[in-house]
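Asker: For this one, chain A is given, so just place chain B on it according to the hints.
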Amino acid sequence: MVSDRRVLVVGSGPSGVHFAQTALSKGYQVTMVDVGREAPTPVMPEADLVQLKEELADPAGYFLGGSYEGVLLPDFDKEYYGTPPSKNYVFEDGARFAGSLEGFEPLFSFARGGMAEAWTAGCYPFNDGELTDFPFSYARLAPHYGEVARRIGITGEPDDLGRFMPLHEHLLQPLPLDTHSLRLVRAYERKRAYLNETLGAYLGRTRVATLSRDMDERKACTKLGRCLWGCPRGALYTPSQTVRTLQRHDGFRYLGGLEALRFQIGDNGRATALIARQVGGGEIQTLPTSQLALAAGTLPTAAIVLRSILAATGERVRLTGLMDNRQVLVPFLNVGMLGRPYDPASYQYHLLGLGLSDPDPRAYVHGQITTLKTALLHPIIQQLPFDLRTSLLVARATHSALGVVNVNFHDSRRGDNWVELEEGADMESPRLRIRYVPAADEPGRLHAALGKVRRVLRALGCVVPPGMQHLRPMGASVHYAGLFPMTTSGDGRWGTDEHCRTREFSNVLLVDGSTFPFLPAKNVTFTLMANASRVAAEAL
Amino acid sequence: MKVDPTLIEQECHVFTRFLVRAPATPYVRDKYLEAHRLSGTFVPAAGVDSALVTVARWSPAVTRVADAYARLCAPRGVLRRKLVLLLAILETSPPFFRAIDYEPSRSWAMASLHLAVTATIGIGAAAVGMIAFLPLRLTEGVWKRRGE
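Here the protein sequences line up with chains A and B, keeping their order.
Reminder that position 35 of the first sequence reads as 35 in this note's numbering, one-by-one numbering, no gaps.
Each number in this note's numbering comes from the position in the second sequence (counting from 1) with 1000 added on.
Isolated chain A, as found in the complex (with noise of 0.2 Å):
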């Protein structure tokens, strides 16, 4: 315990408001620097995506963007996100912070909420399992958990995937299952026997963050078709809404359009200030501090470290252990639903999860079953092996029968993996250097396990394409942790303890992914946002 009720937190994105929130439940007084780009205010906030088509003055420059830049060409040869122009705020300018990659390529991002102002609201509880090599288990994350979904709101119930995720307080009654999800339901109930036997395979509504009943200013979602572009409702949760309920507390004091760069390092070893620079390469500021708190994701997190420890004492750190969930998209087409026209009154993201077991529960496999509703469809059509008329009427016939699974693999701290700062760069922020290399065992794992999902979907009257799955790089999920392992054992210099307090600096809580030891098949931001709330409960 401190006696300074004071904490300065670096980040807006869903770690850092959790622990934002907890820490001002506690009577604490927070400062919050932040980048904090802004989303752009919502169109039309009531029309729904037919309506935006047909009555926005230039539906084409809202949903391609002033230059064109979402329109997906032929000749793109990046990793596809989909991101649309309404949300080019989230990942403006974050690619200045990578320098040289092998084998990772990151996201970042400097907009308030972070990264996920860009998700697909997945939450799933870790379970013991998986928290087997973190320094407590779920009893003591339960009630952050609850606290958390009581607070964003998750929809959720009971089902066939409970055996992999734990149930918490505070679920809300699920979101209404669209015609193609409530078509594979009722197959998978017709070979559940089959299916969990012989595969091992579950399936179950997945928990999302999307509110299916109004919660103070955010309204229910009333199906707009409007997901991606970023929801005007507010029913998918956020952080940056957040942000704004933090900012209507006395205790809050939100500092926008600072980049922090590091924090220096006093005689005893404790944080004394942090040096941040006005966004736009402006004036440098010293806010002076007595307990810190970073929270800007794993990547930036270990950037600000390792310019601070650089800073005091001309060392160059290497921080291994990177990790992150390997990705691959498997799209599938349900026979039955041909013919059946697709309704775009509809919530886009998934609404279906499948869960494939393993003796190891750490080596649990997660699948986001996600059918194709409303989308911008000319990065699907171009695809198809036609001219792109023929392309088009093929899409079109089949856009109701469209799905894709999207699977996630566990991943370990492996001391291949590793980040550290680039020399000869600018050295007030010097960029990361970062090397990945899969796990030895990857092709195996992902071969077997992609092999049932093909055996699950055929199951449930659905076709896989041939040659149509994709393996996204490494970095794509965005779903970093791993560079400051939190422990009991006291092992390894750059560890924090089980309140995620580094080592080196007493005065200084990680409250990120980069503490967690294990990365688990699941999205992992629910988990951040518990586990932050859990440290400011703790260690506050």
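Keep in mind that the hints were calculated from the coordinates and are not lab data.
Here the structure is a predicted model, which is why all the values come from computation and not from measurement.
Ideal Cβ placement from N, Cα and C applies to all residues, glycine included.
Some clues are possibly wrong.
[To be verified] Each pair of labels, with its calculated beta carbon distance range:
no.: 1; chain 1: A; residue 1: S489; chain 2: B; residue 2: L1038; range: 55 to 63 Å
no.: 2; chain 1: A; residue 1: E105; chain 2: B; residue 2: P1026; range: 40 to 48 Å
no.: 3; chain 1: B; residue 1: A1022; chain 2: A; residue 2: G129; range: 55 to 63 Å
no.: 4; chain 1: A; residue 1: R96; chain 2: B; residue 2: L1136; range: 41 to 49 Å
no.: 5; chain 1: B; residue 1: R1021; chain 2: A; residue 2: G66; range: 42 to 50 Å
no.: 6; chain 1: A; residue 1: L167; chain 2: B; residue 2: P1026; range: 50 to 58 Å
no.: 7; chain 1: B; residue 1: S1050; chain 2: A; residue 2: G66; range: 23 to 31 Å
no.: 8; chain 1: A; residue 1: G61; chain 2: B; residue 2: L1072; range: 30 to 38 Å
no.: 9; chain 1: A; residue 1: G99; chain 2: B; residue 2: S1107; range: 52 to 60 Å
Answerer: Leaving out everything else, chain B in the frame of chain A:
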């Protein structure tokens, strides 16, 4: 980028008829032209790339054949880029987005038949495209090798 607006507008008109069986609206034409002015990515290189675009401008039927060939043999070429750009504009613009998004409800059997017929026409267009344009590509290859 400096572009010939008359040529681009004419091209837009033909390509729109190819994609959605309707003439382009002034809005679509303006957006298509604007994209060409903003980016050099739609300027064809010499050779078959350029010839494909020129021939594709003749009529929607020829566009289909040229595009079917391009999908298989020049999928990243300028013709494909222009058509994908136009498709993106059309799918976000009234009234054309309905022609891209909406499929009438059909029985499963009728939907399957419709799909089979559509795919057969597409395969036919590709066959004609290969017969028409592959010799051109091969000739170009021979000329290039001689030039080296």
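Asker: Where does the structure disagree with the numbered hints, that is, which hint numbers, in rising order?
Answerer: Violated: hint 5 alone.
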